[in-house]
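What follows is the residue order along each chain.
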Amino acid sequence: MAETVIKIENLYKEYRLGVIGHGTLYRDLQSWWARIRQQEDPNTLIGHEDRIIKNENILALNNINLEINKGEILGIIGANGAGKSTLLKILSKVTAPTSGVIKYKGRIASLLEVGTGFHTELTGRENIYLNAAINGMDRKEVERKLDEIVIFSGVGKFLDTPVKRYSSGMYVRLGFAVAAHLNPDILVVDEVLAVGDAKFQKKAISKMNDISKNAQKTVLFVSHNMGSIRKLCENSILLKNGSIAFKGKSDEVINRYLEGVSIKSVKNLLSSKNFKRDKKVDGSVRFSDFSIRDKNGKERKSFYRGEKIYYHFSFSTFEDREYLYLESDILSDKSGEVLATINLRVGDKPIKKGFNGKIILEVETGGIMHGEFPILFLLHGRGMYEDYDFLSRYIVPPLIVLGDENVQTNTNFLFHIESKLQLIKS
Amino acid sequence: MNKSDNKWTEIISAEKGWFDLNLPELFNYLDLIYLFVKRDFVIFYKQTILGPLWYIIQPIVNTVIFNIIFGKIAKLSTDGIPPFLFYMSGTIVWAYFASCINATSITFVKNASIFGKVYFPRITVPIAAVITGLFQFIIQFSIFLGFYLYFVKNGAEIRPNYLLLTLPLIILQMAIMALGFGLILSSLTAKYRDLTFAMTFFLQMWMYLTPIVYPLSQVPEEYRIIYILNPMSSVVETFRFAFFGTSSINLQTIIVSVCFSIVVFIIGLYMFSRTEKSFIDTV
Numbered sequence: 001m002a003e004t005v006i007k008i009e010n011l012y013k014e015y016r017l018g019v020i021g022h023g024t025l026y027r028d029l030q031s032w033w034a035r036i037r038q039q040e041d042p043n044t045l046i047g048h049e050d051r052i053i054k055n056e057n058i059l060a061l062n063n064i065n066l067e068i069n070k071g072e073i074l075g076i077i078g079a080n081g082a083g084k085s086t087l088l089k090i091l092s093k094v095t096a097p098t099s100g101v102i103k104y105k106g107r108i109a110s111l112l113e114v115g116t117g118f119h120t121e122l123t124g125r126e127n128i129y130l131n132a133a134i135n136g137m138d139r140k141e142v143e144r145k146l147d148e149i150v151i152f153s154g155v156g157k158f159l160d161t162p163v164k165r166y167s168s169g170m171y172v173r174l175g176f177a178v179a180a181h182l183n184p185d186i187l188v189v190d191e192v193l194a195v196g197d198a199k200f201q202k203k204a205i206s207k208m209n210d211i212s213k214n215a216q217k218t219v220l221f222v223s224h225n226m227g228s229i230r231k232l233c234e235n236s237i238l239l240k241n242g243s244i245a246f247k248g249k250s251d252e253v254i255n256r257y258l259e260g261v262s263i264k265s266v267k268n269l270l271s272s273k274n275f276k277r278d279k280k281v282d283g284s285v286r287f288s289d290f291s292i293r294d295k296n297g298k299e300r301k302s303f304y305r306g307e308k309i310y311y312h313f314s315f316s317t318f319e320d321r322e323y324l325y326l327e328s329d330i331l332s333d334k335s336g337e338v339l340a341t342i343n344l345r346v347g348d349k350p351i352k353k354g355f356n357g358k359i360i361l362e363v364e365t366g367g368i369m370h371g372e373f374p375i376l377f378l379l380h381g382r383g384m385y386e387d388y389d390f391l392s393r394y395i396v397p398p399l400i401v402l403g404d405e406n407v408q409t410n411t412n413f414l415f416h417i418e419s420k421l422q423l424i425k426s
Numbered sequence: 001m002n003k004s005d006n007k008w009t010e011i012i013s014a015e016k017g018w019f020d021l022n023l024p025e026l027f028n029y030l031d032l033i034y035l036f037v038k039r040d041f042v043i044f045y046k047q048t049i050l051g052p053l054w055y056i057i058q059p060i061v062n063t064v065i066f067n068i069i070f071g072k073i074a075k076l077s078t079d080g081i082p083p084f085l086f087y088m089s090g091t092i093v094w095a096y097f098a099s100c101i102n103a104t105s106i107t108f109v110k111n112a113s114i115f116g117k118v119y120f121p122r123i124t125v126p127i128a129a130v131i132t133g134l135f136q137f138i139i140q141f142s143i144f145l146g147f148y149l150y151f152v153k154n155g156a157e158i159r160p161n162y163l164l165l166t167l168p169l170i171i172l173q174m175a176i177m178a179l180g181f182g183l184i185l186s187s188l189t190a191k192y193r194d195l196t197f198a199m200t201f202f203l204q205m206w207m208y209l210t211p212i213v214y215p216l217s218q219v220p221e222e223y224r225i226i227y228i229l230n231p232m233s234s235v236v237e238t239f240r241f242a243f244f245g246t247s248s249i250n251l252q253t254i255i256v257s258v259c260f261s262i263v264v265f266i267i268g269l270y271m272f273s274r275t276e277k278s279f280i281d282t283v
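In order, the protein sequence lines correspond to chains A and B.
Take 1 as the starting number for the first sequence in the numbering used here and just add one per residue.
Take 1 as the starting number for the second sequence in the numbering used here and just add one per residue.
Just so you know, not all the hints are guaranteed correct.
What the hints assert, rightly or not - For lysine-lysine, the following DSSO-like pairs were computed, each having C-alpha atoms within a straight-line distance of at most 27 Å:
#, chain 1, residue 1, chain 2, residue 2
1, B, K277, A, K93
2, B, K7, A, K70
3, A, K7, B, K7
4, B, K110, A, K279
5, A, K105, B, K7
6, B, K38, A, K93
7, B, K7, A, K93
8, A, K213, B, K191
9, A, K93, B, K110
10, A, K7, B, K277
11, A, K164, B, K191
12, A, K279, A, K103
13, A, K105, B, K38
14, A, K103, B, K191
15, A, K240, A, K199
16, A, K164, B, K277
17, B, K46, A, K157
18, B, K46, A, K93
19, A, K140, B, K38
20, A, K103, B, K277
21, B, K277, A, K145
22, A, K157, B, K191
23, B, K277, A, K280
24, A, K164, B, K7
25, A, K105, A, K164
Since the hints were made in silico from the structure, they are not lab data.
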């Protein structure tokens with residue numbers, strides 16, 4: 001039997017919601033003084049007197065039990081807010097668990113973000129030393145590995161240039177190179193590969209594979225990219241609402257996960273207040289409802305080839321906007337590359353503040369042969385960064401086209417999709 | 001299985017110790033402290049036109065201003081010490097203390113993003129800040145020493161004495177005290193951001209309550225108790241006594257001040273170790 005290197009027992013992590021402190025001394029004193037005089041707290045939100053949220057807690061991790069063997073690469077998948085990052089943060093000792101125990105053997109290095117502690121004024125070389133030291137590596141070790149790190153990152157001749165002059169790709173490569181050479185016994189990696197280009201991702205994945213297979217190190221890998229998980233991890237766990245919902249071979253776990261992304265969860269997310277978008281948006285126009293229907297208006301998830309799909313969106317407008325566009329990108333399931341883009345203007349007049357509307361996007365599936373395609377939606381304006389709202393591929397159920405299974409869609413180039421858009425005032 | 005159970009390198013659990021500063025662990029991170037200090041220097045050098053020259057300009061300008069306002073206009077006594085040296089000694093000592101407090105008190109606020117991503121002993125950051133400040137102090141101190149020797153050569157009446165040997169101890173005391181106050185303040189600013197603004201004001205008031213621009217001998221008897229309780233007044237006065245041989249400091253005040261510094265340091269460590277555990281969950 002393989003040796004267990006990480007053992008997680010009854011792990012809980014609780015976060016308190018609501019008011020912890022007001023963040024300013026003045027308000028804390030004010031609330032305290034009001035309590036002493038048994039008066040109403042002037043800092044409670046109006047209308048909330050009867051349900052003070054003070055004691056509401058949320059379990060980010062709910063009784064996690066897990067054993068990980070030496071040399072294993074374990075994939076961790078789950079929707080946003082399922083507890084993946086919390087688990088990694090506890091493992092890397094950034095935050096403490098509320099109860100429960102984690103035992104491990106050897107040294108853990110975590111890569112929750114690429115280039116943590118990089119200072120833009122320092123050169124690449126200085127940053128390598130600093131970053132390595134922050135991660136607990138001593139100077140002699142860095143000196144020994146410097147050449148390897150430099151070759152892997154490919155920043156060679158820019159080594160003595162301040163990193164503020166680096167391209168973002170070089171920055172990411174350097175950050176990953178340091179982490180990959182920390183020589184830990186256990187490497188914890190959060191969604192960090194998403195930022196690099198395809199070539200770098202490939203290199204990084206093969207490096208992680210190398211670390212685990214040849215050096216017998218253990219890797220914990222969080223990703224939204226099912227392709228990387230499938231390629232890298234033999235086994236995975238699926239986290240759902242802080243618990244392990246499923247554990248097993250990666251393929252099975254991924255299937256379980258994709259089934260779970262349902263229309264209902266999109267609706268729930270859209271109606272919840274603290275739904276964080278996966279992209280920076282200004283929120284001036286927001287989606288408020290979403291559904292996928294067929295031509296008879298019936299909600300469906302999968303469609304036969306040649307059928308028309310109708311995406312229904314409701315939206316609310318919070319600021320006047322001259323132009324409103326709906327962009328839809330259909331992606332490749334394996335590489336995550338964009339296969340088709342539909343970008344259509346919503347209405348032909350400026351949208352006024354307070355306007356609530358409904359968009360029906362009609363998509364012709366004739367050009368798609370067979371398969372499952374992640375899809376994302378973006379409401380945006382005319383300018384470069386005028387993004388209003390965003391539904392990422394991890395939130396929206398994938399586009400499922402049932403055709404001839406033997407005729408796979410050629411995903412090597414962009415394809416064209418017939419589409420129409422209709423705006424209805426509601 | 002049973003065999004492997006007792007070989008765990010480390011156990012992460014929820015138990016919160018009352019006071020757990022892991023000294024052996026800190027020892028492993030000496031390199032990190034060194035690199036933090038180096039980083040601060042390199043950045044300071046790169047981001048300013050005059051670079052380290054600022055360290056020299058600052059005390060000289062301050063000394064000249066104090067000399068004019070408090071010496072020439074307000075005509076405050078300097079206990080017979082040449083006014084230029086008197087003000088300069090006060091300025092550089094206070095500058096070290098104040099810059100350490102300023103730098104350490106924003107530990108959590110400034111490093112929130114790093115602290116949220118990677119673990120290393122948090123205490124390395126304030127320690128590095130105090131050491132960075134020490135280099136600044138050494139540069140300023142050598143400028144002071146230059147002026148001092150110049151005055152001695154020109155026959156000023158100065159009587160340096162055996163207390164000069166305790167100079168490193170005085171500086172150490174000041175560093176420990178500044179670190180202690182900085183740790184306390186950093187725990188508070190982690191929770192109350194507005195304290196950062198109050199601090200500038202607070203430090204200025206403190207400076208005027210410390211014999212920087214006037215000697216302790218000028219303070220009326222009935223207010224002396226404030227000065228005995230103010231740990232910085234002992235530091236400044238001892239420093240001056242060592243170099244100039246005139247001061248109204250006594251041993252009792254020094255002992256109070258040293259004890260005070262140690263107590264502040266321990267409270268600081270305690271508050272810091274409490275804050276570092278909960279901080280990430282509250283930002």
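How the hints compare with the structure:
no.: 1; hint: B/K277 - A/K93; in the structure: holds, 10 Å
no.: 2; hint: B/K7 - A/K70; in the structure: holds, 14 Å
no.: 3; hint: A/K7 - B/K7; in the structure: holds, 12 Å
no.: 4; hint: B/K110 - A/K279; in the structure: holds, 25 Å
no.: 5; hint: A/K105 - B/K7; in the structure: holds, 7 Å
no.: 6; hint: B/K38 - A/K93; in the structure: holds, 26 Å
no.: 7; hint: B/K7 - A/K93; in the structure: holds, 19 Å
no.: 8; hint: A/K213 - B/K191; in the structure: violated, 45 Å
no.: 9; hint: A/K93 - B/K110; in the structure: holds, 20 Å
no.: 10; hint: A/K7 - B/K277; in the structure: holds, 22 Å
no.: 11; hint: A/K164 - B/K191; in the structure: violated, 32 Å
no.: 12; hint: A/K279 - A/K103; in the structure: violated, 36 Å
no.: 13; hint: A/K105 - B/K38; in the structure: violated, 33 Å
no.: 14; hint: A/K103 - B/K191; in the structure: violated, 31 Å
no.: 15; hint: A/K240 - A/K199; in the structure: violated, 32 Å
no.: 16; hint: A/K164 - B/K277; in the structure: violated, 32 Å
no.: 17; hint: B/K46 - A/K157; in the structure: holds, 21 Å
no.: 18; hint: B/K46 - A/K93; in the structure: violated, 34 Å
no.: 19; hint: A/K140 - B/K38; in the structure: holds, 17 Å
no.: 20; hint: A/K103 - B/K277; in the structure: holds, 19 Å
no.: 21; hint: B/K277 - A/K145; in the structure: violated, 33 Å
no.: 22; hint: A/K157 - B/K191; in the structure: violated, 44 Å
no.: 23; hint: B/K277 - A/K280; in the structure: violated, 30 Å
no.: 24; hint: A/K164 - B/K7; in the structure: violated, 44 Å
no.: 25; hint: A/K105 - A/K164; in the structure: violated, 37 Å
Comparing the model with each earlier hint shows violations of hints 8, 11, 12, 13, 14, 15, 16, 18, 21, 22, 23, 24, 25; every other hint is respected.
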